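J.: Following the hints, position chain V against chain A.
Protein chains: 2
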Amino acid sequence: MRDTFRVLTLNNIASEGLARFPRDRYEVGEEVANPHAILLRSHEMHGMEIPASLCAVARAGAGVNNIPVSKLSALGIPVFNAPGANANAVKELVIATILLAARNLAAAWDYVRGLEGTDEDIARAVEAGKKQFVGFELPGRTLGVIGLGAIGVEVANAALELGMNVIGYDPNITVERAWQLSSGVEQAADLDVLCSRAEILTSHVPFNDSTRGLLSRELLALLPKGAVVLNFAREGIVDKEALIAALDTGAISTYVTDFPSRLLIGHDNVICLPHLGASTREAEENSAVMAVENLREFLENGNIRRSVNFPEAVLRRTRPHRLVITNANVPNMVGQVSTALAEEGINIADLLNVSKDNVAHTLVDLDGPAGKETLQRIGSIDGILSIRVLPIIE
Amino acid sequence: MRDTFRVLTLNNIASEGLARFPRDRYEVGEEVANPHAILLRSHEMHGMEIPASLCAVARAGAGVNNIPVSKLSALGIPVFNAPGANANAVKELVIATILLAARNLAAAWDYVRGLEGTDEDIARAVEAGKKQFVGFELPGRTLGVIGLGAIGVEVANAALELGMNVIGYDPNITVERAWQLSSGVEQAADLDVLCSRAEILTSHVPFNDSTRGLLSRELLALLPKGAVVLNFAREGIVDKEALIAALDTGAISTYVTDFPSRLLIGHDNVICLPHLGASTREAEENSAVMAVENLREFLENGNIRRSVNFPEAVLRRTRPHRLVITNANVPNMVGQVSTALAEEGINIADLLNVSKDNVAHTLVDLDGPAGKETLQRIGSIDGILSIRVLPIIE
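Chains as they are written, first to last, in this note's numbering: chain A, 1 to 394; chain V, 1 to 394.
One should not assume that every hint holds.
Computed footprint of chain V on chain A, listed as stretches where at least three residues anywhere in the stretch have a Cβ under 8 Å from a Cβ of chain V [unchecked claim]:
| id | region |
| --- | --- |
| 1 | 90-97 |
| 2 | 106-118 |
| 3 | 248-256 |
| 4 | 372-386 |
Simulated from the structure, these hints should not be mistaken for lab results. Being a predicted model, the structure only gives us computed values, none of them experimental. The C-beta atom is built at its ideal place from N, Cα and C for all residues, glycine as well.
One chain only, chain A, in its complex shape (with noise of 0.2 Å):
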């Protein structure tokens, strides 16, 4: 009998993303005990506490602000993420949402569920009504859209298509995306450059230290007035005070956004959704299918794709002895490693070692099977945060 690894759901898990797990080598549900892997989408992990058997965690979506991060880093365990799964029912959202505001929808809708009276009352209010809708399209609008991963790209090139003028920043813009995005967009120097231009605004940044506040006064006052800002990123990443004094004024004409609260959901220029970025079936499939994948990668083979605290890590594997290290990111680790393994006499065919910040991963493919006490004394090394022997591959 072949091992089984535990995976713990924590969230409805689309069945397109589950049935991706090979029932006879995986036991997966809302109540499996001692967990390999902790599968999830928007539950609450601060304050859980990490189950010792536990070895990964995928969040089937890209934000990934509901789980402990630095926690699973310093315990050696990696988070895994779904990022461009949601990205096209985001770019939908986006679009919707920018006409939506250019043609008043929401508040046109509203006015006429109020009508009353008989059919021509109501043909004759709204013939009448109609005038305080008018609104604009879209050709030569300039969209300022900063952040060009995933979702931001796809927003920039669907707004070219609609003749938009569409400027974009993203000081790390990597090559993959900038291939994707159509040459039609316009970089900006700076975020100033940028906002001082965008009449629709919208951001599609992570949320961290760096973005907190990202659209700050300084920037929102150099919109052209009377900009649309669109918010479908995180609620922190925009000064709140500041925005609401801009839509006050008029500065600012419309905020759309997917983070609901208090002050914003009572005010007139303002169009709340209910967290609805990602909310397709599609989205859920992409996410839950992408999540699950990167999980089975790496618990079988110990690769690391789409992880947002380990590095990419994946090694063709050509032996069936391998072995998953995860350590601290100082000197000599390999070196230890691969001593311990000659001490017993084995020979390492392949070695991966690539490091992030504070954690590196090693993948060592053995010729031959290494012993527990070999083993225990790699996982004894200092700054050894985990070691895995996987299961053989057939």
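T.: Leaving out everything else, chain V in the frame of chain A:
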């Protein structure tokens, strides 16, 4: 002093359009008496007395249901419209509301507006409530487009760009529109085929006897279960009773319409907008400019572009003296006109005679001015509806 044209406006017309009337040659306003032309948007002209002085009517918009077209045709008066001027505005509204329906945004917005309590309460309610608004994404879904005029083509092309499959139907598509249509749009053999595949259905046809009740009970019954139906054309193209029955059973999941009525406003699965299809500043400007250009071209040169009841008739003017004749489309009209001119010894330099249905339009450029008597003789020919001597061009 040159002749002055008098234009009566029956609605507010965008200033960008009005500015195109040269002030020294046009008197334009709401109180103009004995107008040569009427310029309007949605003003109801049925029942209005037609001034004897009237030569032309132009609508700054596409539909002409508010204009007594047959009556005007019988008087030899062309009716102009501005097709395509609103095409982008309608396209954007269609895309917006497809997404609105796909993502349940109207209900979601409503849900958030009902939330109360602290920001923490609201955040919890958002995460708990968002499940009910999970939607679907557009790529791979099939959009059916009935009517491939200026608007239908724009909608079809935009939906393709968003990754949809698009199937279109228009037995009368023009070469110009077919050219403009992306080759990725599939052609439906008939409406049955189109409706049996359209997960989302939108119609962009004029309203007339052949499109009244076009979306019949039979066609609606062919739609895939849970289809979304949009109507930004005209209220009467859909069998409303059959539609509501299909909404009640869930056969159709959502109806989005620009034409509210009592039964629809109260229905949970209907989103009514107050006739906003063309309600953008750009569409109003484009329509006004197009309508004014139509009128000027006709009043100053007798040329006909974008008329709903007259044939396209454009003759480059090489002589100062031009007659504009409208006549019933019966045999030998041109012969009688040229005979009358020949009898006065006036040479015809250029002549264009084109017809559409019961109306023929004739432009005659002369080498010299025709005398009053000759004009009267032509005017009295049986079947001549109107004759006009154009101001001499300088």
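J.: Each hint should be assessed against the structure and marked as holding or not.
T.: Each hint tested on the structure:
With a threshold of 8 Å between beta carbons, the proposed coverage of the region 90-97 of chain A by chain V holds, since 5 of its residues qualify and at least three are required. For the region 106-118 of chain A, the proposed coverage by chain V is satisfied: 9 residues have a C-beta within less than 8 Å of a C-beta in that chain, meeting the threshold of three. A stretch counts as covered by a chain when three or more of its residues have a beta carbon under 8 Å from one of that chain; for the region 248-256 of chain A and chain V the count is 0, and the coverage is violated. For the region 372-386 of chain A, the stated coverage by chain V is violated: 0 residues have a C-beta nearer than 8 Å to a C-beta of that chain, whereas at least 3 were required.
Checked against the numbered hints listed earlier, the structure breaks hints 3, 4; every other hint is satisfied.
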